[in-house]
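Line by line, the protein sequences give chains B and S.
The first sequence maps to residues 1 to 357 in the working numbering.
The second sequence maps to residues 1 to 318 in the working numbering.
Read the hints as simulated data drawn from the structure, not as lab findings.
Note that the Cβ used here is the ideal one computed from N, Cα and C, for glycine as well.
One or more hints might be untrue.
These stretches of chain B come out as covered by chain S in the derived footprint (C-beta under 8 Å, 3 or more residues) [what the hints assert, rightly or not]: (1) 94-100; (2) 106-115; (3) 124-133.
Below 25 Å or equal to it, Euclidean Cα-Cα: the simulated SDA-like pairs (lysine to any residue) are [to be verified]: (4) B:K95 with S:Q215; (5) B:K116 with S:M1; (6) B:K136 with S:I233.
Some chain B residues close to chain S (C-beta under 10 Å, calculated; not the full set) [what the hints assert, rightly or not]: (7) M63; (8) L86; (9) P90; (10) P162; (11) M174.
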Amino acid sequence: MDSQTTPTGEPLLSVRNLSTTFSTETGLVQAVRNVSWELYPGEILGVVGESGSGKSVTMASIMGVVPKPAGKVSGDSVMFEGRDLLKLPPREMRKIRGREITMIFQDPMTAFNPVKTIGHQIAEAIRVHDRRVSRKAARARSIELLASVGVPSPEARYSQFPHEYSGGMRQRAMIAMAIANGPKLIIADEPTTALDVTIQAQVLDVLKLIQAETGAATILITHDLGLISEMSDRVLVMYAGKVVESSDVFSVFGNPQHPYTLGLLASLPRIDTRLDSLLSIPGQPPSLTSPPPGCAFHPRCELSRGRSECWTAEPPLVQIAGPTDHTTACHFFTEMDTEAGRVSAMLGVDVRSKAES
Amino acid sequence: MLRYLIRRLMIAIPVLFGILFMSFMFTRLLPGDPLLMMMSVEEFSATDEYMEQRRSDLGLDKPVPVQYVVWVGEVFQGNLGTSFHRRAPVTELIWDRLGPTALLTGTGILLALIIGIPIGVMAAVRQNSWFDYFSATGSMLAISIPNFFLGLMAIFIFSLQLRWLPTGGLRTLGMEPSLGDSLKHLIMPAGVLSAVLIGPYVRYTRQSMLDVLRQDHITTATAKGVRGRSIVIFHGLRNALIPLTTVIAIQIPALLAGTVIIETIFSWPGMGQLVLEAIRRRDYPIIIGVVLFSAVLVMIFNLIADLLAAILDPRIRL
Ligand SMILES: Nc1ncnc2c1ncn2[C@@H]1O[C@H](COP(=O)(O)OP(=O)(O)O)[C@@H](O)[C@H]1O
Ligand SMILES: [Mg+2]
Chain B
1 MDSQTTPTGE
11 PLLSVRNLST
21 TFSTETGLVQ
31 AVRNVSWELY
41 PGEILGVVGE
51 SGSGKSVTMA
61 SIMGVVPKPA
71 GKVSGDSVMF
81 EGRDLLKLPP
91 REMRKIRGRE
101 ITMIFQDPMT
111 AFNPVKTIGH
121 QIAEAIRVHD
131 RRVSRKAARA
141 RSIELLASVG
151 VPSPEARYSQ
161 FPHEYSGGMR
171 QRAMIAMAIA
181 NGPKLIIADE
191 PTTALDVTIQ
201 AQVLDVLKLI
211 QAETGAATIL
221 ITHDLGLISE
231 MSDRVLVMYA
241 GKVVESSDVF
251 SVFGNPQHPY
261 TLGLLASLPR
271 IDTRLDSLLS
281 IPGQPPSLTS
291 PPPGCAFHPR
301 CELSRGRSEC
311 WTAEPPLVQI
321 AGPTDHTTAC
331 HFFTEMDTEA
341 GRVSAMLGVD
351 VRSKAES
Chain S
1 MLRYLIRRLM
11 IAIPVLFGIL
21 FMSFMFTRLL
31 PGDPLLMMMS
41 VEEFSATDEY
51 MEQRRSDLGL
61 DKPVPVQYVV
71 WVGEVFQGNL
81 GTSFHRRAPV
91 TELIWDRLGP
101 TALLTGTGIL
111 LALIIGIPIG
121 VMAAVRQNSW
131 FDYFSATGSM
141 LAISIPNFFL
151 GLMAIFIFSL
161 QLRWLPTGGL
171 RTLGMEPSLG
181 DSLKHLIMPA
191 GVLSAVLIGP
201 YVRYTRQSML
211 DVLRQDHITT
221 ATAKGVRGRS
231 IVIFHGLRNA
241 LIPLTTVIAI
251 QIPALLAGTV
261 IIETIFSWPG
271 MGQLVLEAIR
281 RRDYPIIIGV
291 VLFSAVLVMI
301 FNLIADLLAA
311 ILDPRIRL
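Construct all of the structure, not just a fragment, from the sequences and the given hints.
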């Protein structure tokens, strides 16, 4: 992607102090804890973090599809084009879902209704938002959409059921459904995780193509840093339900300011490292029922060794001085350069890299 | 499809022969002359010479395996023998009773579905709400009350106290048959039968709805902007019907043979009554006839269940 720095102008989406909890038998799960971030028109925002860090729940909260009554969303606001999605009446919210904001899900096998044809499901997405579109017109448009995402013989494919599609084709159909109503924002939640490696690249190409064509802002959720560096403009790093670092893709990869981000970079397989020298982040992601006090990452953090501050005080997300809009939530981020040097020396390769272009 | 049907019939054949074999063994183990079990009504008054003639015609003087073959041949021609007591062909007796039983169970099942499915859907959509608990309690209650008690209560209230409905029978004797009269007779037994079935139907529906509503494609539909009601019906119930149909279809043969108590209470001239009477009078040809008939019904409804599943679920290829 092009080397832009801080995007200017009004954000398309602005999330303010969003929190989401689930009441479960084992206690209250704090899936998303007070996150704030924004998304600018036309950009691709990568959201990265280990599984369970609250990426999907954040997006579900924005879309208003958090399962009720177990899930509770609270926060100051989620502003989308002048409307606060947290306060919008259900009727209005329904008009936004699937038209202005659409989603691409991780597993295209289960994301389609198994007993309805793919074509029917795409046509449904069109017709729920515009009853004036005739069945015939919706069908024609759906076939067009299938063709545009590279589904061969779309006429015949229109009448096929999800199980008759291959994984890659299903995900293309999912993309077709997501762009059916010309959305302003597409949320792709691990769109390639469930696919074969060879198919992943193809589906990503389709995603890039339609993003370029439609100009829709895109949120790309993944735990694959490689994908982020290849696709996105800006990055949001999430850990234990919080945003721990955010910046443009070059700063995050070239100048990580949070030990967790550094850990992710160090565990990324590279062509120039021996596989056995890969560093993985020690320990397990924390429980979200009772997150560690202070900085949630401190039990796994090299920098926090012996420093009481890390488990007594919660580090705020602070702006780092510099030309870019780079934020981090670490008490000791000023030591990150030294730390990155230490880890790089251990691995024998500089983990801080230029993002692929 | 055709290949599937053929394959299914191929599987059915050994099962059928197994049942035939057991029934045959049963007739041979019984005291008395098997010839009596195979004769037609007119033959009962026949002379001894005729009986001997018939015995050799039917091969009953031949070795047992040959007799089995002959007997099976008769069964396949629809000859299930003659009722000892009623002096009428068993096939005819069963056939006469099938109509009223089918009417009763059909109406009972239909009523139970019409009431049970919406309640089950609501209970799933509003999981853990007061409605959910209320319907669960109601279902438990309906299942735990014995149907003879429910039937007697219904007769007491609607026939004896309110005098709205007749106490039993298929229609008022000596009256011109009319739809209204038939319905009046049907409503109580069918209602009691449905009361027994509603509970399980509510529970099956609720459970399969919960299973479906948890699935990813429901989230997709929501994220697409589909209305809640459409999601519940066109995405939820549409999928939940697949396991539901199978459960219900497989249950039907048991109901056809098993509404004995309700039929007895309401003097409903159905299969249950026929069987009950046959057991009481040791009318073996009827018992064996009903056993064979039930076995065939089970096979047919299993097939129907599979066909329905294949119609409802495009993933199933026959
Ligand atoms: N419906 C739910 N009920 C209870 N807990 C949930 C539910 N959905 C998600 N969670 C929990 O919320 C946390 C964040 O999940 P999620 O956002 O899916 O993570 P990821 O970053 O992998 O997308 C996890 O701990 C998960 O167990
Ligand atoms: Mg996820």
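Do the hints match the structure? See the list:
1. 94-100: holds (count 6)
2. 106-115: With 7 residues closer than 8 Å to chain S, the segment 106-115 of chain B meets the three-residue bar; holds.
3. 124-133: holds (count 4)
4. B:K95 with S:Q215: holds, 23 Å
5. B:K116 with S:M1: holds, 20 Å
6. B:K136 with S:I233: With Cα atoms ~23 Å apart, K136 of chain B and I233 of chain S stay inside 25 Å; holds.
7. M63: holds, 6 Å
8. L86: violated, 17 Å
9. P90: Since chain S brings a Cβ to about 8 Å from P90 of chain B, closer than 10 Å, the hint holds.
10. P162: Since chain S brings a Cβ to about 9 Å from P162 of chain B, closer than 10 Å, the hint holds.
11. M174: This hint holds: M174 of chain B lies near chain S, its Cβ roughly 8 Å from the closest one there, short of 10 Å.
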